[in-house]
Every structure is written in C-alpha cells, then in structure tokens.
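Read top to bottom, the protein sequences are chains A and B.
Using the UniProt record's numbering, the first residue of the first sequence is number 1, and each one after it goes up by one.
Using the UniProt record's numbering, the first residue of the second sequence is number 1, and each one after it goes up by one.
Because the hints were derived from the structure by calculation, they are not lab data.
Where is the CB? At the ideal position from N, CA and C, for every residue including glycine.
Incorrect hints may appear among the rest.
[Claimed, not checked] Ranges of calculated distance between the beta carbons of each label pair, as one might list FRET restraints: (1) 144/B <-> 322/A: 15 to 25 angstroms; (2) 144/B <-> 162/A: 29 to 39 angstroms; (3) 289/B <-> 26/A: 34 to 44 angstroms.
There are 2 protein chains.
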Amino acid sequence: MADALVARGDEILAGNADDVARAEADGTPANIIDRLRLTTERLAAMAQGLRDVAGLADPVGEVVRGSVLANGLELRQVRVPFGVVGMIYEARPNVTADAAGICLKSGNAVLLRGSSSARSSNAAIVAVLRDAVTASGLDADVVQLVPGDTHDSVKALMRARGQVDVLIPRGGAGLIQSVVNESTVPVIETGVGNCHVYVDRAADLDKALAIVLNAKTHRTSVCNAAESLLVHADVADAFLPRVVAALQEADVTIHGDAAFGALDGVLPATDDDWAREYLSLDIAARVVPDLDTALDHIRTWSSGHSDAIVTDDQGAARRFVAEVDSAAVLVNASTRFTDGGEFGFGAEIGISTQKLHARGPMGLPEMTSTKYVVIGDGHVR
Amino acid sequence: MADALVARGDEILAGNADDVARAEADGTPANIIDRLRLTTERLAAMAQGLRDVAGLADPVGEVVRGSVLANGLELRQVRVPFGVVGMIYEARPNVTADAAGICLKSGNAVLLRGSSSARSSNAAIVAVLRDAVTASGLDADVVQLVPGDTHDSVKALMRARGQVDVLIPRGGAGLIQSVVNESTVPVIETGVGNCHVYVDRAADLDKALAIVLNAKTHRTSVCNAAESLLVHADVADAFLPRVVAALQEADVTIHGDAAFGALDGVLPATDDDWAREYLSLDIAARVVPDLDTALDHIRTWSSGHSDAIVTDDQGAARRFVAEVDSAAVLVNASTRFTDGGEFGFGAEIGISTQKLHARGPMGLPEMTSTKYVVIGDGHVR
Chain A
1 MADALVARGD EILAGNADDV ARAEADGTPA NIIDRLRLTT ERLAAMAQGL RDVAGLADPV
61 GEVVRGSVLA NGLELRQVRV PFGVVGMIYE ARPNVTADAA GICLKSGNAV LLRGSSSARS
121 SNAAIVAVLR DAVTASGLDA DVVQLVPGDT HDSVKALMRA RGQVDVLIPR GGAGLIQSVV
181 NESTVPVIET GVGNCHVYVD RAADLDKALA IVLNAKTHRT SVCNAAESLL VHADVADAFL
241 PRVVAALQEA DVTIHGDAAF GALDGVLPAT DDDWAREYLS LDIAARVVPD LDTALDHIRT
301 WSSGHSDAIV TDDQGAARRF VAEVDSAAVL VNASTRFTDG GEFGFGAEIG ISTQKLHARG
361 PMGLPEMTST KYVVIGDGHV R
Chain B
1 MADALVARGD EILAGNADDV ARAEADGTPA NIIDRLRLTT ERLAAMAQGL RDVAGLADPV
61 GEVVRGSVLA NGLELRQVRV PFGVVGMIYE ARPNVTADAA GICLKSGNAV LLRGSSSARS
121 SNAAIVAVLR DAVTASGLDA DVVQLVPGDT HDSVKALMRA RGQVDVLIPR GGAGLIQSVV
181 NESTVPVIET GVGNCHVYVD RAADLDKALA IVLNAKTHRT SVCNAAESLL VHADVADAFL
241 PRVVAALQEA DVTIHGDAAF GALDGVLPAT DDDWAREYLS LDIAARVVPD LDTALDHIRT
301 WSSGHSDAIV TDDQGAARRF VAEVDSAAVL VNASTRFTDG GEFGFGAEIG ISTQKLHARG
361 PMGLPEMTST KYVVIGDGHV R
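Turn these sequences into a full structure, and let the hints steer you where they fit.
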C-alpha cells in the first residue's frame with residue numbers, strides 16, 4: 001500500500017488538484033485548503049505512516065489473560081478484530097490512508113466516509129490502496145470508500161448496527177456530537193480538548209512558564225493544546241507578569257479574570273472562554289485561591305482530554321492525579337505529550353475522550369475486541 | 001451492607017410480600033412470581049454475594065501498563081471508576097444488591113432502575129443498603145433507586161449523557177433493544193444467548209452427549225444454555241438416535257431438520273427455530289454436511305454469546321476457535337461454563353455480547369475505565 005501510494009502519486013495528486021480547485025472556487029479559507037492539499041512530500045509521509053504501522057506488532061491473537069481453572073478447563077482471553085470499523089472524518093485526506101492501514105493491521109475491514117470536499121482525493125487514494133490490497137492476496141473490499149456526498153451515507157452508517165461494529169468520528173465538535181446523538185452503532189468519541197495547565201503555589205516558575213508556552217503555542221490546532229491557564233494566588237504576583245509577557249510575545253491573546261485583567265492587553269474572560277476549545281493563539285486565564293478551586297474549575301469546564309499541574313509539592317500532585325477525571329493527567333509536563341506517537345504506540349487512530357473501551361490515545365490494541373477461548377475434555381457442570 | 005440485609009430482613013420481606021401479592025392479584029405467571037419472591041434463604045444468599053464481592057481485589061488503581069519513555073517521562077495507565085453507572089433491569093430483586101455491591105467495590109456510584117413489579121422490594125433493599133453506606137462513612141447517594149414506575153425515568157437515564165457514564169440493561173431482548181436504540185449514554189449490551197453445540201465428525205460421542213445434555217438441561221432459563229444443536233453428517237447415524245432419546249428422556253422438545261425429523265417425536269424446524277433463544281426445554285437441531293456449513297450456520301444465527309465444538313480433531317478445533325465470532329468459544333466443554341463465577345471472576349454484573357469495552361462475563365475490572373498518568377520534570381515538546 002505504501003509503495004503503491006508513491007508509485008501512483010500522480011493519480012492521487014490529480015484527484016487532489018480537482019478538490020483544491022473546487023475549494024478555491026467555493027471561497028474556502030486558506031487554512032482549510034492547506035489541510036486539503038496534497039504534495040509529493042505529504043504523499044511520502046502518508047506512505048511512511050503505512051510502513052510504520054506495518055512494522056508494529058500484530059495485536060490480533062495476543063493473549064490478554066489466561067489460566068487453567070481448578071476443574072482443568074484452559075481459559076484464555078485473546079484479542080480479535082472488531083470486524084467492520086466505520087470512520088467518519090473531515091477534510092484531511094491523509095486520514096484515509098492512516099485509517100486504512102491501522103484497521104487492516106488490526107484485522108478489521110474499514111468503511112471510510114470522508115468529507116465531500118476531499119472526494120476526488122479520497123477516491124484516488126482508496127482506488128490505489130484497494131489495488132494494493134488485491135495484489136497482496138486479500139479481498140479489496142476490506143477497504144471501502146462509502147459513496148455519496150450527502151448526509152444519507154453518514155445516516156446509513158450510524159444505523160448499521162449489527163453490520164458495522166464500531167464508528168469512530170474524527171473532526172469538529174459538531175460532527176462528533178451528531179454521531180454520538182444519532183448512532184445506534186457503538187461510537188468511540190474522539191478529540192475535543194479543552195485542556196488546562198494549573199500552576200500550583202509550589203510550582204517551579206521557570207518550568208511552569210516553559211510548559212504553558214509549549215502547551216499553548218507548540219501547535220494550536222490540535223486537541224492536546226492548552227486552552228486554559230490556572231494560577232495559584234500565592235504565585236500570581238511573581239508569575240502573572242512573566243507569563244503574560246511571554247504569551248503576548250508569542251502573539252497569544254489572553255482572556256483573563258480580574259487578576260489577569262489588571263495587566264496590559266488582557267481581554268476580559270466570560271464563561272464562554274472557560275468552555276472554549278480555541279484551537280488558536282488564544283488562552284483563558286484565571287487566578288485561583290487554592291488547589292480545591294483549581295480542581296473545581298477543571299471539573300466544571302474540562303472536556304476530559306488532558307490536564308496538567310505544575311508543582312513540586314508531592315501532595316498536590318497526588319491529589320491532582322487522583323481527582324482530575326480526564327483521559328490524561330500530567331504532572332510537570334506539557335499537555336502536548338498526550339499523543340499515540342509520544343506514548344510510543346507507533347500509530348494512533350484518534351484520542352478517545354470517552355470512558356468506555358478506550359480512553360486517551362488509541363493504538364492498535366484499542367482497535368480490537370477480545371474473545372474467551374475455553375478448552376476442555378468433555379467438561380460439564 | 002451484607003450484615004444490614006440480614007439484620008433488617010423483616011423489612012425487606014415485608015416489602016417483597018407487597019410485590020408478590022400485587023403480582024398474584026395481577027395474574028402474573030408462577031415462574032415470574034418465583035423470580036420475584038424473596039425468602040430468608042435468598043436474603044442470606046444476597047448477603048453472601050456482597051461478602052464475596054467485598055473480598056475481591058480492588059480494581060481501582062491497578063496499573064494496566066506502565067513504562068518510562070525515552071525522554072524520561074513516566075507513563076502509567078491506571079484503572080479508574082467510570083463514575084456513575086446506570087442499571088436498568090427486570091424482576092429479580094437480588095440484582096439490586098448485586099449491582100450495588102459490584103458498583104461500589106469498583107468505585108462507581110450506581111443508579112438502580114428496577115422493574116415496577118419489584119418496587120417495594122427494591123425500595124426496602126436500597127433503604128437498608130443506603131443506611132449501611134452511611135454507617136461506613138460514605139455518602140448514601142452512591143447507591144440510589146431511580147424513582148418512578150413509568151417509562152419516563154428510563155428515558156431520562158438513557159438521555160443523561162455527560163451525567164451517567166454507562167448504562168447496563170439486564171433483562172429480556174425487548175428491554176435491551178430499546179435501550180440500545182434510544183440511549184445516547186454509552187451502553188453495554190448483555191445477555192441474549194442463542195448458543196450452539198456443534199458435534200463434529202471427530203467427536204467423542206459419549207462426551208458430546210454429556211455436553212449437549214448439560215448445555216441444554218442444566219438450567220434452561222439462562223443465557224449460556226444451548227439452544228441449537230448441529231451434528232456432522234458422518235456421525236448422524238450413530239449419534240442422532242442416542243441424542244434424541246436422551247433429550248426426550250429429559251423432557252426436551254426437539255425442533256429438527258429433515259434428518260432429525262425422521263426420528264419419532266421430533267417437530268419440524270423453521271428459520272424461527274434457528275433464531276430462537278428458547279430459554280426452555282426446547283432445542284433446534286440440524287445435521288450439517290461439513291464444518292464449513294456448521295460455521296456458516298453459526299455465523300448466520302448465533303447471537304455471539306457462547307458456541308461450542310465437540311471434536312478430537314485439532315484442526316477442526318482451531319478453525320472453530322478462529323472463525324466463530326462469539327464472546328466465548330468452547331472446545332469439548334459445555335456452553336454453561338461462560339459465567340463470571342466459573343471463570344473465577346468472583347462476581348459478575350452481566351455477560352456482554354457486544355464487542356466494545358467488554359465481551360463475555362464482566363467482573364470488577366470491566367466496571368472500570370482507565371486514565372493515563374504522565375509524570376515529568378518540566379518536560380516540553
């Protein structure tokens with residue numbers, strides 16, 4: 001599949017050029033067009049992604065637990081594929097190859113329902129991948145593009161309980177909410193991140209500054225970027241001028257409470273700001289009187305993706321880890337580390353923010369179910 | 001909680017007597033009334049169930065995996081409670097105590113929505129359990145009975161996404177289907193079992209006979225009872241007369257294909273029979289020409305709960321284990337072994353027949369989610 005993507009790059013780039021031309025004619029914003037656009041370099045990166053997945057350990061057949069029962073029955077719980085995975089996603093055509101590779105490596109068939117804005121790109125990519133699947137001796141139908149540019153095909157996917165085993169929506173909050181609300185097929189919710197950094201009274205302020213800057217500005221459009229900053233009142237005098245200056249230096253707009261608002265250039269924050277996933281050079285900022293208030297704030301506003309504390313106080317770190325109910329809780333580390341690649345999974349199909357089945361970055365094992373295998377010798381109860 | 005159930009048994013039995021009287025006045029069938037009725041012995045068994053759960057290892061905090069990344073970050077995936085579990089169940093009041101115990105032991109709060117036919121029993125049990133929870137120093141609201149005898153409270157539970165973390169319906173296929181179709185809260189589907197026993201050409205027929213009889217007749221009202229029998233044509237002449245005689249001796253009605261129909265007393269089977277979960281002394285029976293046809297039959301009709309092969313042929317056993325896509329696949333063992341108690345889990349909240357999160361018997365670990373804990377020392381990307 002990787003070789004074919006490179007060898008037949010011209011077909012894919014031609015399909016992509018159609019999509020880009022249509023998007024430009026429609027007046028699509030430049031940043032969306034940039035996400036849509038493929039280049040030889042981006043195709044090479046997609047191919048490398050497939051090679052990376054191919055090199056990972058096969059999760060299917062892994063014995064999760066096993067024992068011999070007192071009556072002599074051999075019991076094993078083993079990983080098996082889900083069966084059919086439905087992916088509903090927006091814009092970026094690289095997801096088409098990523099998802100096909102991860103699903104195939106984990107033994108699943110995949111139904112790909114990309115954005116209509118990328119339809120020519122996706123059709124070209126899937127045609128190439130299917131030929132490669134056939135050439136490898138498998139049935140090409142293990143990778144399928146779901147037809148239709150209307151919402152009807154999404155509806156059909158969401159109602160295909162018993163035929164589709166799991167649906168994974170990837171995209172904006174609107175897409176994910178509509179799938180969660182309408183699907184009878186089990187859904188794994190991914191990716192909305194209103195992530196917090198809390199700078200404790202016992203924080204090393206140099207480390208705190210580096211973590212806040214990294215979490216906010218390293219890459220703003222991703223779900224593990226920080227969107228809210230909480231600072232303990234005891235270090236506000238020392239930390240606020242430094243962090244505000246550094247963030248403003250990095251072109252970040254600060255939406256602050258009264259304490260932050262006392263500094264030049266800080267805009268007033270409302271509840272909307274505490275709730276926002278900006279995905280831009282904006283951050284909401286608040287001074288809290290104590291750890292309890294920080295925990296309350298996070299309990300109220302966090303999307304349960306990734307929240308970090310900066311502290312040298314072991315007791316505060318332990319409480320934060322125990323009481324913040326998020327997919328990832330970080331101590332003295334940037335929220336940007338919540339990532340399948342950073343965690344060493346080698347591949348990631350998304351970051352689950354729900355509690356059922358998978359939570360946090362999902363690699364190959366998270367794309368499997370299990371079955372129990374019971375071996376006896378005529379055993380009856 | 002166990003002590004309180006026994007000490008205040010009179011209150012609970014009085015509540016139960018109201019439910020039984022109402023059911024009798026309504027002309028409820030005797031077997032349903034039997035499931036509803038509590039006795040001192042059944043209360044003692046409920047109390048023992050709670051003691052058993054209390055004695056199990058606490059799943060919360062278990063480190064599922066952990067490592068130190070190349071950059072020095074410490075990464076741990078640890079078990080955490082879901083948060084709030086909603087149970088929607090029918091008839092049997094013992095589920096009230098079982099579910100409360102399992103949810104509490106796994107760190108979850110539980111919302112119990114029992115059948116209106118058991119409302120007085122459930123109210124009495126929950127009142128006693130809540131007092132015991134308070135006495136232990138916890139907030140009584142971790143165990144709550146959902147009020148209301150109408151469908152409205154079920155609807156509210158199914159729409160409480162963000163407030164209820166997971167819903168577990170236990171009961172008949174109708175209840176489970178309606179929850180699966182209407183709930184926006186993630187659901188774990190439990191318990192419909194159209195289980196098969198396939199007697200291969202290479203089966204030890206004595207063991208096959210024992211397994212068929214045990215799987216069908218040991219207890220008929222449970223989801224791991226066998227409902228369908230498949231026999232390889234090569235052993236039909238030797239096995240059919242024996243198995244038909246033995247099943248009929250045990251008062252089992254056989255709904256058979258043409259081959260079985262040639263024997264006295266066998267009723268003709270239709271597609272309805274292949275699909276049925278009888279939960280009674282009935283079995284569907286068919287002769288198949290080969291293993292492939294048996295696998296096809298199971299693929300078409302199995303509910304994906306538990307399916308067994310009886311064979312001494314290692315190749316046939318391997319194919320059956322690999323190709324039957326069910327929560328439990330058994331070789332030379334009765335389907336009745338698919339059970340949390342038999343598997344050594346010590347407690348079971350139900351048997352999942354879905355592929356997401358948990359599949360097969362669910363013990364305490366299946367009642368938890370996980371979170372990633374990431375510890376650094378000022379780490380940034």
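In this structure, is the beta-carbon distance linking residue 144/B and residue 322/A contained in 15 to 25 angstroms? 24 angstroms, holds
Determine whether the Cβ-Cβ distance between residue 144/B and residue 162/A falls within the hinted range of 29 to 39 angstroms. Given about 33 angstroms between the Cβ atoms, the range holds.
Confirm or reject the claim that residue 289/B and residue 26/A have a C-beta distance inside 34 to 44 angstroms. 59 angstroms, violated
Hint violations for this structure: number 3 only, all remaining hints satisfied.
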